[in-house]
Every structure is written in structure tokens, then in C-alpha cells.
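Just need the whole structure built from these sequences, with the hints factored in.
Chains U and R, in that order, give the protein sequences. Quick note: the first sequence uses the working numbering, first residue 1, plus one each step. Quick note: the second sequence uses the working numbering, first residue 1, plus one each step.
Derived by calculation from the structure, the hints in this document are not laboratory data. Fair warning: this is a prediction, and the values are worked out from it, not measured in the lab. Ideal Cβ positions, reconstructed from N, Cα and C, are used throughout, including at glycine. Any given hint could turn out to be false.
Partner residues aside, some chain R positions facing chain U, computed with beta carbon under 10 Å [what the hints assert, rightly or not]: (1) Q9; (2) H10; (3) A40; (4) W222.
Listing some non-contacts, in silico: residues in chain U with all C-beta distances to chain R over 12 Å [claimed, not checked]: (5) P3; (6) L82; (7) S83; (8) T89; (9) E117; (10) F120; (11) N122; (12) D147; (13) V240; (14) E241; (15) D289; (16) R295; (17) E297; (18) D305; (19) G366.
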Amino acid sequence: MSPYAVRVEGLHKEYAVQGDQAGTLYDLLGGLLGAARQRGRAAHAATRFQALQGVGFELKAGEVAGVIGRNGAGKSTLLKILSRITAPTRGRIEVRGRLASLLEVGTGFHPELSGRENIFLNGAILGMKRAEVTRKFDEIVDFAEVDKFVDTPVKRYSSGMYVRLAFAVAAHLETDVLLVDEVLAVGDASFQRKSLGKMSDVARGGRTVLFVSHNLAAIRNLCSRALLFEGGRLAFDGAVEGALGRYERSFGTAVGWASDARFDGPLAPSIRFDQFLCIQDAEPAAIHDPMRALRMEIRGTALRDIPVLDLKVSLFRDGLHVTSCHDTDGDVPLRQGPFVSTFDFPAGTFKPGRYSIGIGATASAGSWLWGPDVAALDFSDNTGGRPLDRNAGMLSIPYKARRLQDDAPAAAETSRVSTEGGGPP
Amino acid sequence: MRDAYFDHQHVTVIEPASGWRMLDWRELWAYRELLWVLTARDIKVRYKQTVLGAGWAILRPFLTMVIFSVVFGQLAKMPSDGYPYPVFVYAALLPWTFFSNAINASAQSLVGSAHLVSKVYFPRLIIPLASAGAGLLDLIISTGILLLMMLWYGVGWSWNLAAAPLLLMAVVFAALGVGTLLSALTVAYRDFTHINPFLVQVWMYVTPVIFPVSLVPERWQWVLYLNPMTGLVEGFRSAFLGKPFDVVGLGVSFLVAAALFVTGITYFEKVERRFADII
Chain U
1 MSPYAVRVEG LHKEYAVQGD QAGTLYDLLG GLLGAARQRG RAAHAATRFQ ALQGVGFELK
61 AGEVAGVIGR NGAGKSTLLK ILSRITAPTR GRIEVRGRLA SLLEVGTGFH PELSGRENIF
121 LNGAILGMKR AEVTRKFDEI VDFAEVDKFV DTPVKRYSSG MYVRLAFAVA AHLETDVLLV
181 DEVLAVGDAS FQRKSLGKMS DVARGGRTVL FVSHNLAAIR NLCSRALLFE GGRLAFDGAV
241 EGALGRYERS FGTAVGWASD ARFDGPLAPS IRFDQFLCIQ DAEPAAIHDP MRALRMEIRG
301 TALRDIPVLD LKVSLFRDGL HVTSCHDTDG DVPLRQGPFV STFDFPAGTF KPGRYSIGIG
361 ATASAGSWLW GPDVAALDFS DNTGGRPLDR NAGMLSIPYK ARRLQDDAPA AAETSRVSTE
421 GGGPP
Chain R
1 MRDAYFDHQH VTVIEPASGW RMLDWRELWA YRELLWVLTA RDIKVRYKQT VLGAGWAILR
61 PFLTMVIFSV VFGQLAKMPS DGYPYPVFVY AALLPWTFFS NAINASAQSL VGSAHLVSKV
121 YFPRLIIPLA SAGAGLLDLI ISTGILLLMM LWYGVGWSWN LAAAPLLLMA VVFAALGVGT
181 LLSALTVAYR DFTHINPFLV QVWMYVTPVI FPVSLVPERW QWVLYLNPMT GLVEGFRSAF
241 LGKPFDVVGL GVSFLVAAAL FVTGITYFEK VERRFADII
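Below you can see the structure in the form of C-alpha cells.
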């Protein structure tokens, strides 16, 4: 009879697409008179969005589970429901023990109050008793490295200090269940290392953790189990590698779109994206050679004249944004009809591994579209025989380097302006 | 002493929101410290901002009293049941200022705390309660000034004063009731952001703050008493100035205040679940 910490059964969450927004007095009066409600109901029936459907799982006490999936797959909704911020439409959840969630750092921090006062305020908001906060005060200040500034108003803190302090308070909660939503994505590199370290302490301490992240490396390190969400459903629940494998496979091949690619934004209805190709030596390919030049082609159709259109391709690795490339210098119109945008990359630009592709466009002020994770690019481990250390990193940049010994060059200059491979095909 | 509510074995059940549900008093009690912390924060922030910050809380009703005394007491020669006008109006301004400030602050409190409501769980009722509660300190300080004024004018200081704490509680309940009702309505129907200040303004004119109840013809006085603040304000005058208590009027006001309190809290609980989705 192993105790469960969290049990979720038949969870459904539905939203009305206009956002469950505040009504107006007209709605209130109309509702009282019965008239507006009729109209409203008919309109609502057509526009309901299923954020979560039929989700069920059980977490045992002490398990550390990762939650992965595209944006919009339902991860944050799940956390919000578990945190009781929003109510489920159907289903039942049981949580044993005290639950705390970190959906954002610095919840409730007030800029006019000092660090000390905010620690107590934030602690109280997160459910800590005053005595508890007092007991952990020194530890918190220590972790955040703000001892000298603990009595100055937080509006004077640098953003780094602010984030460290906010995380420090939350990280020292003594709860049975902890939900973490991407909060570790903030802060600089050393802070992220520290927070991940703290997270693994928490995990080892026997607490049940549900960890939502796009940082797949962190998920691999911290979690013993992963839940993959796709379009509001729990698509995979089990070993981390299995979930990650399925997640990455769902991105689709380099030729063609991912199975559930979608484009959002006011501009989206105006452009239809037909094909996405990656070509090396005049042949479209599924796996690419990092040591050869590559051309990306986006073929689409503009469904109307657009006075100014800027199209960009964004590259991501492990959930981090590597770079974005634009197809024009700006101020170039797109006429109604088919178009092809090409991007040429010199040989040796990419590293082995997988890049996921997002495509976006902006027209005049406020009009945009964005399709995250619409395709993926895979590069093989062909690095021309160089040591594997040179595979590290997300992207190569052009550079020249040399080493001198006794005023004479020790070896031939190294240059990233590569002479291997060819130019554009 | 560990609250059973936060115990390791306590199982929390999360289910879809059903129509009407009772207020979970145990939960509210378990979070009492948060109520205290948020109230303290509101007070602290108000006082931290300016030198006059703390002073304004007392200065405003006092200055209002001075202006009213000049305009209504002297120029308009408003009757005041035989008491000096300044004391007469100030005794009424005290509960009224608390009430109006409390409901104005409460009404906007939820919408203004959207960042909290959408990120962390705690009984939402705490938010309007905290913003109403922040005015209590001002009320207590202003009461001190009223007592001084009573000495100055040589009125009051009778056994009626014993009723003051009870009246205070009644005003607080009325303010909490109306405040929570308005805060929930403001979240659900944004029009109330504009309606509320206007409502409060009009409310003052149908409450006998500036004028005595006796100014209104006797056959219409019952209309005035439909307003719960009428009985409470007159009750304050009775307690501090020594006027005889109007027991019937006071009774009606207590009942209406209690009814408002129950309605406010109940409606709030009904709408609470949808807050994060709407805000």
C-alpha cells in the first residue's frame, strides 16, 4: 500500500475561446431578463477550447516527474489546476499533504518593502508560517547572496538579486508536493546551476516534485519519470528517455511539417505555408551534414497583398533560442500569390544534433504570426574527423584564431571560414 | 501547534466548481497569518510612501469636518440636533470614512491583485478582507481625535460609549459585506469599476452624515433607514455624543448589515472559482 502523493482521474478542462472574460452590465441585466443568455449560449457552444482531455495519472510520494510538451499542450493548465488557481471542468484530483507551486518567481513581492519584509510576505503567500520563515531566514538570505542588502527596498535590487531572492524563499518551503513551472529558466548561468542544484536536493529529500520545463537536459538529470502532453492529452507516461524520444520524434522530419504544426497570430490567416525544405548539394535530405552548405526553403502562398512583410526562421536547441534569420532587410511587400524564401548557410555552421524550427512573420504594427516547433532539422555526427569536443555548443560562428610561441606561429592558423565543402548549391 | 490543515496526511480534493458552496472557515483560519501579513503590507506601504502618508489618514476626515462645518454648519445653518455642528458631523464622518474607504479599496482589490490570483492559491476572500481591514488603524486613530473633540466641546462621555465597540463591529461587518460583494461583481462585470466610486458618492448623500435624520419629514424617515449606514451612523452619534439610542433604527441597520455580510460572502464564494479564468 504505497502512499500516493497526487492522484488525477479523468481530468478535463474547457475554456470558452473568447477567454472566460468579464461580462458587461448588459450581460448581467440581459441574464436577469433571460434574453441575452439565449444568444450567449448559442455563441458559446461553438467556441469551446479543450485545454485538457481525459488526463489521469498517479504520483507516488517521493517521485520526481517531468512534464514536457509543446506550448499549448496543456502543461501549464495542469499545474494551475493542481495549484487550485483554476477549477477543472470534469474529473477529480487528490493531493496528500501540503502542496506549493512555483509558477513565477517573486509572487507578491512589493517593490517598496525591504528584502527582509518581502521574505516574510512571500513566505506567507506561499503558505509558510511566520515561525518557519524566521527559522529559515538566514538560510534564505545566504542562498540568495543578498545579506548586505536585506534591509533595502527591493526596488533597488538588480534583476539578478531579485530573482535569486524570490527563488530562495520558494526553494526553502517545507512542502510534501512541489510543482515547478519553468522558473528555473530565469537568471544567469551560475544562478541556473545553483537552482538546479537546489532542485536536486529537494528531490533527494524525498519530496514529490512535478517539474515542467523545456530544458530537456534538466529533465533528464532530475526526473525519474516523464509525462508527455500533446494537444491536451497525456500521450506518454513512463521512463524519461521514452518520453523524450517520442517528443523529439513528433517534431517531424526536415522535409515537411510536424504533425501538429500550427501558426497563430492575426497575420496567420493571410499566409499559407506549403512546404519546408532543406537542401544540400541540390538534394532535399532528412539528415544533414554539418560540414556542407545548406539551403532552407520556405514555400508558401500569400492569400492577399501585404504591404510590408518580414519573414523569419528561428532556430531552437533544447528549448533555447539560438538565432533567427530574416528573409529581407525589411520594408519589402508581399504580393498575393506564391513565394519562396531561401536561407543559405555556409558549411560548418551547424552542430550535430537536432534543431527545432519556428517560423514567424511581421507585417505592419501589431500584425504578426508565429509557428513554434513547426519542423526540425537533424544533423549527423560527421565532423570531418575532428575530436568530439568540437561538437559542443549550439551553433558555430565564423572566427579566426592563432597561437604564437616565441614570436613564431606555432601551427597553421585556425579559421572558421571553412575551405571544405562548396558554396551554395 | 501545527494546523491540521497543513498536515502531511491531510488530503485535499480538487473537483469542478459546483453552484453554491459554503465558506470553508477552517481553511480561512489556517491562512489567518496571510490575512495579517497582507493587511500589514497595505498599511506599511501606505505609510512608507510620503512623510504625510500616515498623517493624511487622520487629516482627511478632520479637514472634511472643518469644511463641512464652515459650509453646512455656518453658511447653510444646518441643524444638528442641538449639538455643536463640528462634533456632530465628525462623529458621523468616522464610521462613514471607514466604510467608504473600505468598500472602495475592497472593490478594486481583486482586480488589482490579478498577478497574485493567477499565480498562487490561498482563499481569495483574504484579499478584500485585507484591504478593508487596512482602514481600521485609521479609524482607531480618528476615534482618539473624536474623544478629544468631545472634551473640547464638552459633550458626550456618557455610558452610551459602552456601545461603541459593538457599533464598530457592525460597521466593519457592513463594510466587509458590501466590499466583498462589490469586489466579486467588479471581477465579473468590469462596469463596476466605474459604478463603484459613483455609488459611494451617492451613498453618502442618502446617509445622515451632513444632515440629521430629523431634517427629513417624519413620514419619509423610514426610507432613510433602509440604508444600513443610517442606523449605524446615528448609533455612533448616540454612543459618542450621548444622544438617546434609536433602538428600532439601530435594529434595522444591524439586520441589514448582517444580511449584506451574508450575501456578500456567499456571492463571493460562488464566483471565486472562476476568478483566475476571468481576471
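Verification of the hints:
1. Among the interface hints, the one on Q9(R) holds; its C-beta lies about 7 Å from the nearest C-beta in chain U, closer than the 10 Å criterion.
2. Because the closest C-beta pair between H10(R) and chain U is about 7 Å apart, less than 10 Å, the hint holds.
3. Taking 10 Å as the C-beta contact cut-off toward chain U, the hint placing A40(R) at the interface holds, the least distance being around 9 Å.
4. Because the beta carbon of W222(R) sits about 27 Å from the nearest beta carbon in chain U, more than 10 Å, this interface hint is broken.
5. With a least CB separation of 9 Å from chain R, P3(U) falls inside the 12 Å interface cut-off, contrary to its annotation.
6. The non-interface label for L82(U) is inconsistent with chain R: the shortest C-beta to C-beta separation is roughly 7 Å, within 12 Å.
7. With a minimum CB-CB distance of about 5 Å to chain R, S83(U) fails to clear the 12 Å threshold, and the non-interface call is violated.
8. With a cut of 12 Å on Cβ distances, T89(U) falls inside the contact zone with chain R, its closest approach being about 6 Å.
9. Distance to chain R contradicts E117(U) as a non-interface residue, since its nearest Cβ pair spans about 7 Å, not more than 12 Å.
10. With a least beta-carbon separation of about 7 Å from chain R, F120(U) fails to lie farther than 12 Å from that chain, contradicting its non-interface assignment.
11. Its beta-carbon lying about 10 Å from the closest one in chain R, N122(U) breaks the requirement of being farther than 12 Å from that chain.
12. Chain R leaves D147(U) outside its interface by the beta-carbon criterion, the shortest separation being 22 Å against a cut-off of 12 Å.
13. No Cβ of chain R comes within 12 Å of the Cβ of V240(U); the nearest lies about 26 Å off, and the non-interface call holds.
14. Even its closest Cβ contact with chain R, about 31 Å, leaves E241(U) beyond 12 Å, as expected for a residue assigned away from the interface.
15. The claim that D289(U) is not at the interface with chain R holds, since no C-beta of that chain comes within 12 Å of its own (minimum 46 Å).
16. In this structure R295(U) is separated from chain R by more than 12 Å, as the shortest Cβ-Cβ distance comes to about 44 Å.
17. Non-interface status of E297(U) relative to chain R is upheld: no Cβ of that chain comes within 12 Å, the nearest being about 42 Å off.
18. Look at D305(U): its CB is around 38 Å from the nearest CB on chain R, clear of 12 Å, so calling it non-interface holds up.
19. Once the 12 Å rule is applied to beta carbons, G366(U) is consistent with being away from chain R; the minimum gap is 23 Å.
Checked against the numbered hints listed earlier, the structure breaks hints 4, 5, 6, 7, 8, 9, 10, 11; every other hint is satisfied.
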